[in-house]
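Visitor: Here is how the chains run, residue by residue.
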Amino acid sequence: MESERLFHLFDRLEQSYIGEAIRNSIWMFPVIEATHLIGLAILGGSILVGDLRLLGLLLSSKPIQYVIRQTTFMLKLGLIVLVSTGIPLFLSEAIKCYYSRAFWIKMSALMLGLIFLFFIRNPICLSAEEESRKFKIIGSISISLWAIVAGSGRWIGFS
Amino acid sequence: MLEIAIWLSETEWSIALHESLYLYPWIESAHVLSICFFIGTLIFVDLRLMGAVFNKLPISEMNTRVLPWSIFGFGLMTITGLLLFYAIPVRSYQNIFFRFKIFLILLSGLNAFLFHRQMSLEGKKWDEGQNIPKTVHLKAAASLILWSGVIVSGRMIAYNWFDCDRQPQPEWVNWAAGCIMELSLTGDF
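Protein chains in written order, with our numbering: chain A, -18 to 140; chain B, 9 to 197.
These are calculated hints, taken from the structure and not from any lab test.
Some clues are possibly wrong.
To be verified - Computed footprint of chain B on chain A; a stretch qualifies when at least three of its residues, placed anywhere within it, have a C-beta under 8 Å from a C-beta of chain B: (1) -15 to -8; (2) 27 to 38; (3) 50 to 56.
We treat Cβ as the ideally placed atom computed from N, Cα and C, and that holds for glycine.
With the sequences and hints as input, model every part of the structure.
Guide: This is the structure we're talking about:
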């Protein structure tokens, strides 16, 4: 019952004006997809620089707070690019996504990743004073979640 | 060059890679995700040169602490990229986007060379707080634009719009893609 409603929702989204327009165009999907990849570079890089710092693998002589602060703007910019290109990509093939396991894994990991980022990683990293092992754990969780988001995202295209 | 690509395409491993169900997608995914390591971290090096982030850090420190991660990513990109080419050599070699991508990579390499030469000459002054010259800002901006172009043209390799087996194409497309036209196809008997 639930999934039937969800299917109808996805069906209507696929029939949406934007979805139709992208499907009817040769170049729109590729161009939006390529922009999505530039967003990946921006977000992925921002996450990596922060997380590698948490793991003590990059700029380890500099305060965690400083590195997180310096990467937050680009991180948000990357998110904006990714979401604003990801939604039209989804609308153009919503039914395919409905049946794609990779899509559901990506969305679940994305939700977890965003919650972890804005409610756990950044608040803790911006308030904590001293170095401790907990930063390595936070960095490992963050990098793993986003790797799942990016990897399963790529896999939507293969399914 | 075409002969080399044809020879590569006939080797056992190339065929195996091309026909593999999982290995090819895995290599391609690794290639795409390496963007985060390579271009993702390079963005911060370039933005530092432009004075947008990490302004408290000397440029030399960005180059010794962050740039190695970009180089690591570049290594991953190159290894996976060569494997992807090896799996589909002829079609890639005659793909207009692939050729444009290689052209942009060469330009980026030249840009990086010019930057590092400039840094080795006057980098000390930048660390001592002297204003970073406009020419450095320009090279950093060129790096960001060129590598974005590499991402876009790389993504477009997937499309066969301008492939040699899809004719007729404008003459300049066939020229740029290196298509060898049969006489009968050009209608020029």
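Visitor: The structure should be examined with respect to each hint, and the outcome stated for every one.
Guide: Results of checking the hints against the structure:
Residues of the region -15 to -8 of chain A lying with their CB closer than 8 Å to a CB of chain B number 0, which falls below the three-residue condition for coverage. Evaluation of the coverage hint for the region 27 to 38 of chain A: fulfilled, as 5 residues show C-beta separations to chain B shorter than 8 Å, against a requirement of three. Counting residues of the region 50 to 56 of chain A whose beta carbon lies closer than 8 Å to any beta carbon of chain B gives 4, which meets the minimum of three for the stated coverage.
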